[in-house]
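S.K.: Chain residues, written in single-letter form:
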Amino acid sequence: AQKITQTQPGMFVQEKEAVTLDCTYDTSDPSYGLFWYKQPSSGEMIFLIYQGSYDQQNATEGRYSLNFQKARKSANLVISASQLGDSAMYFCAMREVNQAGTALIFGKGTTLSVSS
Amino acid sequence: DVKVTQSSRYLVKRTGEKVFLECVQDMDHENMFWYRQDPGLGLRLIYFSYDVKMKEKGDIPEGYSVSREKKERFSLILESASTNQTSMYLCASSLSPQGALTEAFFGQGTRLTVV
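First to last, the protein sequences are chains A and B. For the first sequence, our numbering gives the first residue as 275, with consecutive numbering after it. For the second sequence, our numbering gives the first residue as 897, with consecutive numbering after it.
Worth flagging that the hints you see were computed from the coordinates, not collected in a lab. Quick caveat: nothing in here was measured; it's all calculated off a predicted structure. Possibly wrong hints are sitting among the right ones.
Over the 12 Å line for every Cβ pair with chain B, so calculated as not near, a few chain A residues [said to hold, decoys possible]:
id: 1; residue: Glu289
id: 2; residue: Ser316
id: 3; residue: Lys344
id: 4; residue: Lys347
id: 5; residue: Glu370
id: 6; residue: Ser389
id: 7; residue: Ser390
No farther apart than 20 Å at their CA atoms in a straight line, the calculated lysine to any residue pairs in the SDA-like style are these [said to hold, decoys possible]:
id: 8; chain 1: B; residue 1: Lys899; chain 2: A; residue 2: Ser316
id: 9; chain 1: A; residue 1: Lys277; chain 2: B; residue 2: Pro957
id: 10; chain 1: A; residue 1: Lys347; chain 2: A; residue 2: Ser305
id: 11; chain 1: A; residue 1: Lys277; chain 2: B; residue 2: Lys899
id: 12; chain 1: B; residue 1: Lys953; chain 2: A; residue 2: Thr301
id: 13; chain 1: A; residue 1: Lys277; chain 2: B; residue 2: Thr998
Coverage of chain B stretches by chain A, computed from C-beta distances (three or more under 8 Å per stretch; other residues unrestricted) [claimed, not checked]:
id: 14; segment: 929 to 937
id: 15; segment: 943 to 954
id: 16; segment: 981 to 991
id: 17; segment: 997 to 1005
Just so you know, even glycine gets a beta-carbon here, dropped at the ideal spot from N, CA and C.
If we strip away everything but chain B, and leave its shape as in the complex, we get (with noise of 0.2 Å):
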């Protein structure tokens, strides 16, 4: 069975603190993903990632940064955490043969509070 693996569901952080959220796949998938989600907007990219040390900004990379040593783990940091990073975090990864498409498979979630 795919696994993405979040190490946290839920997540209580104070403003300012430096904040990790981790992900882990054991698929040895070449791509990976770092969405966040709030109610209306749906999945909006962060960051994803298309190789080790490989990263490229999504569509709202402000606030966070993305750390990927070694191929199974991509991580989000979030610099100095503010209230308007409260949201869902979802970290996905997918297989990216060459010409050809792949489905994500997703990780269960973060909830981060930031308070």
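Here chain A stands alone, though its shape is the one from the complex (with noise of 0.2 Å):
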């Protein structure tokens, strides 16, 4: 079964619009992390934001804020005030604590577009 779930293979934006990257995980550790990245067309992953489980606030970094809903295992990515630098591909990741050395486990990824 998948554990991390993007189901939107692509969204389109425009500019200084929000936009949220949908993103379901699975699992049954108490304790994991949650993660998104971003993959501009040169290749590099970029990371951008953390949450962890026993976080009791929504992680905010700049312009991205990740929408954590603990109960429906989901941890969407809320993208403010689009630019179009933001065009990327975007994988929402989970790392879970249940013994050393955790594995990183990613999505399918979303490709964002983002139009002037």
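Put the complex together from the two separate chains, hints included.
M.R.: The structure is reproduced here in structure tokens:
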């Protein structure tokens, strides 16, 4: 079974608008972390934001915020005031604290296109 | 600045060749990972290592092996390259403090073509 599900292969948004990228996850471990990465066309993987399973507040980093709904097992990325440079592939990922050396598991990604 | 370096950006190999993809990190990280990225499939974990000489299979280990003789270096080996191993390969590393979760840092990727 997929541990990380990103149901939107592609999203389109106009500059200055907000956009939400969906991510749902599946784990039975009570302690886990959720990550979002951005991959522009150059191919590098850029870490954006992190949410721990015990964090009481939703994580925010500049224009990025994570809408964490633990009961629904969702961790959606919200980008406010989109910019042309936000056009990229976005990946949601999860790590579980169940043993030493935890792997980072990724979803299939969402391609975001921002137009002027 | 943190640095994960993959030995090649582009590589073309022949079917049946033994292929080594090298990854070096300078951050003294315990954990290192190898992923392959294919369109529509995201990043899939091949192998990871949480310590020197330790390795764990990921989701798609078949056709691959790994070596971690030193903490800073994690090698991915294709014993006999096949065309279905044509892909982008990404190496990553992360800290592993007890009970904590940290982000992974990625190399620039190696685009491998097997002909």
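S.K.: Could you run down the list of hints and mark each one as holding or not?
M.R.: Each hint tested on the structure:
no. : hint                : in the structure
1   : Glu289              : 26 Å, holds
2   : Ser316              : 9 Å, violated
3   : Lys344              : 15 Å, holds
4   : Lys347              : 17 Å, holds
5   : Glu370              : 8 Å, violated
6   : Ser389              : 22 Å, holds
7   : Ser390              : 26 Å, holds
8   : B:Lys899 x A:Ser316 : 17 Å, holds
9   : A:Lys277 x B:Pro957 : 18 Å, holds
10  : A:Lys347 x A:Ser305 : 13 Å, holds
11  : A:Lys277 x B:Lys899 : 28 Å, violated
12  : B:Lys953 x A:Thr301 : 19 Å, holds
13  : A:Lys277 x B:Thr998 : 18 Å, holds
14  : 929 to 937          : holds (count 4)
15  : 943 to 954          : holds (count 7)
16  : 981 to 991          : holds (count 4)
17  : 997 to 1005         : holds (count 7)
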